[in-house]
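Construct the complete structure from the given sequences, taking the supplied hints into account.
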Amino acid sequence: MIHFQNVTKRYGEFTAIDNLTIDIYEREFYALLGPSGCGKTTLMRMLAGFETPTEGKIFLAGQDIAPVPPNKRAVNMMFQSYALFPHLSIWENIAFGLKREKMPKHDINDRVDEMLRLTRLEKFARRKPHQISGGQRQRVALARSLAKHPKLLLLDEPLGALDKKLRQDTQFELMDIQEKTGTTFVIVTHDQEEAMTVASRVAVMDHGKIIQVATPDRIYESPNSVYVADFIGDVNLIEGTAKLNGSEAYAMSWHEGHEPLTVKSPTAFSDGQKCHLAIRPEKVAISAEKPAEADNAVQGRILDIAYLGNISTYHVELPTGAVIKAQTANTRRIARRAFTWEDTVWLSWTATAGVLLAD
Amino acid sequence: MRRFVLIAIPYVWLLALFLVPFAIVLKISLSDAAVARPPYFPQFDWAEGIAAFIAELDFENFVWLTEDDLYWKAYLSSLKIAVVSTFFTLLAGYPIAYGMARAPEEWRPTLMMLVILPFWTSFLIRVYAWMGILSNEGFLNQFLMWIGVISEPLTILNTNSAVYIGIVYTYLPFMILPVYSALERLDGSLIEAAEDLGCSRLTAFWLVTVPLSKTGIIAGSFLVFIPVLGEFVIPSLLGGSDTLMIGKVLWEEFFSNRDWPVASAVAVVLLLLLVIPIVLFQRNQQKQQEAEQ
Chain A
1 MIHFQNVTKR
11 YGEFTAIDNL
21 TIDIYEREFY
31 ALLGPSGCGK
41 TTLMRMLAGF
51 ETPTEGKIFL
61 AGQDIAPVPP
71 NKRAVNMMFQ
81 SYALFPHLSI
91 WENIAFGLKR
101 EKMPKHDIND
111 RVDEMLRLTR
121 LEKFARRKPH
131 QISGGQRQRV
141 ALARSLAKHP
151 KLLLLDEPLG
161 ALDKKLRQDT
171 QFELMDIQEK
181 TGTTFVIVTH
191 DQEEAMTVAS
201 RVAVMDHGKI
211 IQVATPDRIY
221 ESPNSVYVAD
231 FIGDVNLIEG
241 TAKLNGSEAY
251 AMSWHEGHEP
261 LTVKSPTAFS
271 DGQKCHLAIR
281 PEKVAISAEK
291 PAEADNAVQG
301 RILDIAYLGN
311 ISTYHVELPT
321 GAVIKAQTAN
331 TRRIARRAFT
341 WEDTVWLSWT
351 ATAGVLLAD
Chain B
1 MRRFVLIAIP
11 YVWLLALFLV
21 PFAIVLKISL
31 SDAAVARPPY
41 FPQFDWAEGI
51 AAFIAELDFE
61 NFVWLTEDDL
71 YWKAYLSSLK
81 IAVVSTFFTL
91 LAGYPIAYGM
101 ARAPEEWRPT
111 LMMLVILPFW
121 TSFLIRVYAW
131 MGILSNEGFL
141 NQFLMWIGVI
151 SEPLTILNTN
161 SAVYIGIVYT
171 YLPFMILPVY
181 SALERLDGSL
191 IEAAEDLGCS
201 RLTAFWLVTV
211 PLSKTGIIAG
221 SFLVFIPVLG
231 EFVIPSLLGG
241 SDTLMIGKVL
251 WEEFFSNRDW
261 PVASAVAVVL
271 LLLLVIPIVL
281 FQRNQQKQQE
291 AEQ
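First to last, the protein sequences are chains A and B.
Counting with our numbering, you get residues 1 to 359 for the letters of the first sequence.
Counting with our numbering, you get residues 1 to 293 for the letters of the second sequence.
Just so you know, the hints here were simulated from the structure itself, not pulled from any lab data.
Please read these numbers as outputs of a predicted model, since none were measured by experiment.
Heads up, the beta-carbon is just placed ideally off N, CA and C, and yes, glycines get one too.
Treat each hint with caution, since some may be false.
What the hints assert, rightly or not - Derived CB-CB ranges, DEER-like:
hint: 1; chain 1: B; residue 1: R108; chain 2: A; residue 2: L303; range: 48 to 58 Å
hint: 2; chain 1: B; residue 1: R108; chain 2: A; residue 2: F14; range: 46 to 56 Å
hint: 3; chain 1: B; residue 1: R108; chain 2: A; residue 2: D359; range: 17 to 27 Å
hint: 4; chain 1: A; residue 1: E13; chain 2: B; residue 2: D187; range: 26 to 36 Å
hint: 5; chain 1: B; residue 1: K214; chain 2: A; residue 2: I311; range: 48 to 58 Å
To be verified - Pairs of lysine-lysine residues, derived as BS3-like cross-links and limited to a Cα-Cα distance of at most 25 Å, are as follows:
hint: 6; chain 1: A; residue 1: K99; chain 2: A; residue 2: K72
hint: 7; chain 1: A; residue 1: K102; chain 2: A; residue 2: K57
hint: 8; chain 1: A; residue 1: K128; chain 2: B; residue 2: K73
hint: 9; chain 1: B; residue 1: K214; chain 2: A; residue 2: K99
hint: 10; chain 1: A; residue 1: K105; chain 2: A; residue 2: K151
hint: 11; chain 1: A; residue 1: K57; chain 2: A; residue 2: K209
hint: 12; chain 1: A; residue 1: K290; chain 2: A; residue 2: K325
hint: 13; chain 1: A; residue 1: K105; chain 2: A; residue 2: K128
hint: 14; chain 1: A; residue 1: K128; chain 2: B; residue 2: K287
Printed below as a string of structure tokens:
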């Protein structure tokens, strides 16, 4: 539905968006994820019409939207600060866009009531924005931006101002509403957990470029670069050189005097090519004895234990000085934990657990 | 005890510098004019006692104000001049304040300085300067004749137009500053939100910017309206013989007629007239403070 074609945006010397081409499909929940300053907000503001690309074109439903001003676009935006009109009541805020369309009064009433029901705000219709809580304000902003039946809804860090618990609830609410209304949602966020939870596809951005676009599970399980692997979740990165060892299998030598690691990788590496093994902490098993049938096993000493309640993360120092994180679920009570600080343990993982990434 | 002293200071201040002088003016307004020094009667005399003193006071001067149509015409004309010039000050001040609030951050202190700069020169000198600009041989007429817009000099000085120009010029900063402070606080994303929801630039301005700067507009309007109502210097220097303002009447009663009691009565009525807008102004300020909390 949306097509960015070689879009570049420059502010003086600074390039915010660098020759970017992406597609966003209908009814999709698309997340733009990246650190602050990566250009994700600029991208969204170009969709809303507050910025125009320096080069390239943006198509919405096949039509070049460059000449269309923001007030004529079938695109609505939910602002990071919510941007609720402080002088208007909740009801008037939601009705604001409808009134501009010269909708008959009766229809406006119906539509506003419908939006109030959808966002469970019926009780607050007469209040002013400063008389309701942050979570309620966020729902008003959502109701207001959805009221006009936009083809595309843009959400700029919509949950940033909420506390964690409320944020989680709201994430599910957002997904529900997106499903009910069938609107295409594009969300901008720097919170990777939020992007993974709500989005059907995630685009990881850095320095004005899209690094990877994929479903949340693919982004997590098979990142295409060290940057993505490192940005999404926790990861162990082991540097080494690859050597082909069977079909799609490599022996990665990572430190002199240690056995090379066995890794399966669908992407091809030439012999002696520098590479990184990215492996998630929860895919690394920890044990007291050397496991008999593991593809990879290394010995180390427990440096630190982070107890998070449901899981614990062990920081294990290898003889080489590198620290590997291993995560286990705390299925037993803490008093019966098998390992403690300074214990010597074995870390092991299978050949398919990690991803081999080029430098 | 310390708290009591702290509270007492402003009250003593108000009592000594506002209430006592007002009581004196009120007393004079209830007296009769006399060819004496001071030029009114009665004077308080310990020997006769307070009852005899009060018995001498009457509302004669206030009755006089209603009988001679000069006074209510002057009040009305002042009111009209104050309303019209407040409107023009707003018309001139709002765009300036808007421009300042939209200017790049690093420019704002400089712009603010420029607005305040005229205060560094005496108010009287600035009004005299306008006489030089507006007179028949003044800069304005010379300039207009030079560019060929007019062939005969316009008579501006000593008319109501000159008074309006003088007032708008003098009181502009009092309008700009509160409007600017309201506009500066305005969140830019609100305007974007309005545009996003289908407003053109102009409707977004009317529906969002203007209502949200309302407190600034009201504050600025009162800051201009209240002093202009009693303005004396500008009409007497720039205005003509037909410019009727209560400040001028007051001055003439005091210094030309030496009729202190009538002059005091004029002042008391003016004060009563001003109490209404002042109370409204206070209420606006209070509302604004509550909204900010």
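K105(A) and K151(A): Cα distance at most 25 Å? holds (23 Å)
Need the status of pair K290(A), K325(A): alpha-carbon distance at most 25 Å? holds (17 Å)
Does the structure keep K57(A) and K209(A) at a Cα separation of 25 Å or less? holds (16 Å)
Pair hint outcome, K128(A) versus K73(B) [Cα-Cα no greater than 25 Å]: Given that 25 Å is the threshold and the Cα spacing comes to 45 Å, the pair is violated.
Holds or violated: the 26 to 36 Å window for the beta-carbon distance between E13(A) and D187(B)? holds (29 Å)
Check the hint pairing K214(B) with K99(A) against an upper bound of 25 Å on the C-alpha distance. holds (22 Å)
Next pair to validate is K105(A) with K128(A); report whether the Cα-Cα distance is within 25 Å. holds (21 Å)
Given pair status - K57(A), K102(A), alpha carbons within 25 Å: violated (31 Å)
Does the Cβ pair R108(B), D359(A) satisfy 17 to 27 Å? violated (49 Å)
Given the range 48 to 58 Å, decide if the beta-carbon distance of R108(B) to L303(A) lies inside it. holds (53 Å)
Holds or violated: the 46 to 56 Å window for the beta-carbon distance between R108(B) and F14(A)? Violated - the Cβ-Cβ distance for R108(B) and F14(A), about 24 Å, lies outside 46 to 56 Å.
Quick check: does the Cβ-Cβ distance between K214(B) and I311(A) fall within 48 to 58 Å? Taking Cβ atoms as reference, K214(B) and I311(A) lie about 55 Å apart, which means the hint holds.
Checked against the numbered hints given earlier, this structure breaks hints 2, 3, 7 and 8; the rest are met.
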